[in-house]
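Just need the whole structure built from these sequences, with the hints factored in.
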Amino acid sequence: MNTATASRYAAEYQTIAPVLPGQALPWLKALRAEALMAFSAHGFPSPREEEWRYTNVSGIEKKLFSPSLSLTAGDLDSEWLKSYQLEDTWSVVLVNGHFSAELSNLTDLPSTVSVMSMADALVKQPDKVEKYLGTAADQSEHSFIAFNTAWFTDGLFVHVPVKQVLNKPIQLLHIVTGSDAMATTRNIIIADEMAEAKVIETFVGIDNAYLTAAVTEVFVGSNADVTLYKMQSESDKAYHFGGSYIKQARDARFTHHNFAFGGLLARSDIHADLDHASECELNGLYLGVKRQHIDNHTRINHLKPYAISRELYKGVLDDRARGVFQGRVIVAIDAQKTDSQMNNRNLLLSDDAEVDTKPQLEIYADDVKCGHGVTVGQLDEKSIFYLQSRCVDEETARNMLTFAFANEMVDKIKIRSLHDIVLEQVLARFPQEGVNKEWL
Amino acid sequence: MSASEQEIKNLIGKEYKQGFVTELETDTFPPGLDEEVIHRLSKVKNEPEFMLEYRLKAFRHWQTMKTPKWAFVKFDPIDYQAISYYSAPKRKEDGPKSLDEIDPQVLEAYKKLGIPLDEQERLAGVAVDAVFDSVSVATTFKGKLHEAGVIFCPISEALREHPELIKQYLGSVVPHTDNYFAALNAAVFTDGSFVYIPKGVRCPMELSTYFRINAANTGQFERTLIIADEGSHVSYLEGCTAPMRDENQLHAAVVELIAMKDAVIKYSTVQNWYPGDKNGLGGIYNFVTKRADCRGENSKVSWTQVETGSAITWKYPSCILTGDNSTGEFYSVALTNNYQQADTGTKMIHIGKNTSSTIISKGISAGRAQNTYRGLVKVLKSAENARNYTQCDSLLIGDKCGAHTFPYVEVKQPSAQVEHEATTSKISEDQLFFCQQRGLSAEDAVSMIVNGFCKEVFRELPMEFAVEAQALLGLSLEGSVG
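Chains L and W, in that order, give the protein sequences.
So that you can map any letter, position 254 of the first sequence is 253 in numbering that gives the first Met the number 0, and since no number is skipped, the others follow by simple counting.
So that you can map any letter, position 259 of the second sequence is 258 in numbering that gives the first Met the number 0, and since no number is skipped, the others follow by simple counting.
Don't take each hint at face value.
Unchecked claim - Taking lysine-lysine and the DSS-like style, the derived pairs with C-alpha atoms no more than 25 angstroms apart in a straight line are:
#1 L:Lys303 / W:Lys399
#2 W:Lys454 / L:Lys368
#3 W:Lys399 / L:Lys368
Since the hints were made in silico from the structure, they are not lab data.
Now the structure itself:
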């Protein structure tokens with residue numbers, strides 16, 4: 000806990016507050032004031048908190064990141080930008096935490112579907128935002144959520160009405176360009192009954208030290224189907240906090256694919272609340288090189304009977320990188336017939352790499368089938384030997400197997416253009432000798 | 000049919016059979032804890048000066064500490080001033096010289112518990128150190144062990160007769176600063192067992208300590224120290240019971256094991272402290288720190304525990320694998336019924352090269368009990384080719400209980416291989432139906448399935464203990480099947 004820093008941020012807050020969106024809405028003003036109080040009291044989370052025991056965010060406290068108060072797109076390299084922009088999507092581009100209409104593409108959107116910036120939504124549909132904002136992300140969870148609530152400057156708002164199936168994915172492209180900048184964004188995704196949507200969150204930045212603090216709240220209506228992809232490829236010096244908080248209604252399906260590649264220190268929260276017979280699938284891949292610290296924190300809350308959850312997280316850690324996985328499955332009292340399986344597999348490639356993993360089962364019902372598994376280790380010597388016996392040299396064999404280990408997660412992506420970008424990212428991070436791209 | 004129903008009723012009606020109280024004249028300190036009590040305690044025990052200093056240091060440190068809150072258990076704050084820190088059966092001047100001098104009441108109590116303090120009962124073939132409340136009342140087979148060069152005596156005696164060993168090793172695995180209850184134990188421990196196995200000796204028989212809490216309003220703080228010198232081998236058993244009382248009693252023990260080069264220590268526990276009644280009233284708070292240091296190369300420590308008693312269990316028998324090629328094992332069955340709470344598991348710290356550890360934990364939760372496995376596997380950078388295999392299975396019986404698994408895995412060495420697996424389920428209807436269809440009662444069927452579930456652990460127990468453990472399991476589960 001560092002309240003001195005907290006108050007530094009808090010002191011600055013007064014100058015920022017007037018330009019934050021939704022200041023005219025009393026409910027939001029009150030919510031922000033409450034969040035500010037909560038944050039001021041605690042500061043950023045400390046490793047003394049159980050949920051943060053392997054991740055020390057004091058690096059953020061040492062610096063003072065400042066939010067940009069308006070859109071400053073400036074001189075963005077359009078080629079670079081294009082390499083992250085997916086074809087054939089509706090897109091919302093946030094630059095330094097502000098919506099850029101110029102870069103976004105929202106043409107041909109069905110009239111019943113809302114996809115807009117959060118600032119817009121607060122003007123056009125304040126009632127709907129009020130109904131959902133802060134109901135999936137619990138402020139008392141940890142102070143990053145409070146921080147986000149108080150500071151958020153913009154975000155993405157998606158509402159898909161009953162029975163509407165979106166034929167194109169929606170991309171949220173989150174770009175930070177400024178040095179010592181802070182981009183705090185809040186996203187809400189609502190899929191009503193029987194609706195279907197795919198949303199892609201892409202976090203990128205220009206080679207600078209900056210802070211991203213994004214919170215996404217997802218509401219999956221009964222029998223609706225939402226797939227959320229997150230590709231985090233922040234700059235090497237950046238700090239990233241990204242939380243996805245999901246509420247699933249009866250029979251709702253939710254799938255999350257989390258690709259954590261960038262950032263000096265990156266933490267993702269994925270917390271899902273499951274209702275009667277909902278299905279939840281969480282996939283993740285984290286690749287750490289150099290001095291990166293990548294933390295993934297998942298929680299699946301089985302609140303009602305008959306829900307199913309599947310979770311698979313894989314990590315590859317090289318150089319001095321440190322990977323953290325914390326996964327928790329809670330089965331509430333009376334959530335009978337729960338079926339839950341969680342797996343975490345880690346590959347350590349160097350002597351200085353480290354992995355800390357903490358899968359947890361908390362079960363209060365008896366008629367359940369729950370399991371989890373963790374492995375930390377090296378490539379299978381037998382597989383390497385097999386390849387060598389087929390005239391593949393050892394180094395190439397290792398590269399191939401490492402790639403194959405990671406590629407299992409990439410192959411789960413069902414959107415071709417995203418698949419290719421993610422694959423590019425994976426290949427860029429590890430020696431690719433022997434990995435023939437044409438096979439892929 | 001009606002006969003078997005009657006049988007079930009009888010079974011359910013069965014009580015904690017070790018719950019009797021032995022009427023004895025005792026020397027008991029008035030409740031309360033301050034430095035003066037520690038001075039008195041040390042004086043009563045006729046301890047060397049360094050021990051008193053150690054105790055005071057620990058006590059002062061304890062005062063600066065707070066009760067740990069991280070475990071998954073709930074209990075009201077303990078009033079440490081309401082506990083008496085010393086209670087011993089009245090005895091003659093220098094303690095009993097032979098069995099004849101032990102208070103017959105005490106002997107009777109152990110007889111009732113099925114513990115032979117009588118060396119004539121050769122059949123048992125186990126050397127026993129019996130600890131009654133705060134003091135050790137008898138140690139059997141001393142002569143035979145002496146021949147082999149094995150030292151097996153109450154720790155208070157070792158303090159007088161082998162102070163150099165105590166000074167060297169006490170607190171070297173669990174320092175007095177380690178945790179709240181370890182600090183308290185270091186300050187006020189009253190007795191326990193001391194074992195030293197010299198170089199190259201294979202201990203000729205199983206060693207055993209039997210702990211008994213008898214007096215009311217006391218806490219039991221025992222301390223066990225086992226040192227296995229180079230190439231030696233010892234198997235040690237521990238059992239415990241307490242009378243049935245409505246109030247909670249505190250048991251805060253510390254066990255330290257030290258295994259030198261090529262030494263093997265096998266430590267088995269059948270813990271059957273009074274668990275409280277079926278409404279959760281009374282029972283023992285079992286807050287224990289157990290740790291082994293595999294100091295030498297190729298050393299091996301194996302913990303086996305069967306935890307069926309205690310209102311609250313808070314216990315993590317751990318291994319520090321310092322020596323190259325050393326091995327740590329942990330086999331555990333923890334059974335909780337009614338309102339019992341258990342937070343137990345292990346820590347395996349891999350430091351040396353080629354160290355390996357195995358963790359097999361079976362948790363069974365019935366009634367309204369909460370059963371938690373909490374374990375840490377830590378592989379330091381120096382532990383090349385470290386290997387760990389962990390398996391935690393939980394069985395749930397009844398819809399009001401909870402089973403939780405909190406493993407921590409921290410790996411800093413790429414050549415390490417760590418595997419963790421956990422499952423949670425209930426007894427399958429099919430298995431139950433199959434057994435019943437073959438004429439077994441529901442109760443027997445559950446007992447049989449549970450015993451099968453625990454088999455991997457039971458087969459690690461010495462034979463006599465395995466039989467006792469199986470019977471205990473059946474007893475503890477009674478009334479949990481509708």
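Now the hints, each set against the structure:
no. : hint                : verdict
1   : L:Lys303 / W:Lys399 : holds (15 angstroms)
2   : W:Lys454 / L:Lys368 : holds (21 angstroms)
3   : W:Lys399 / L:Lys368 : holds (16 angstroms)
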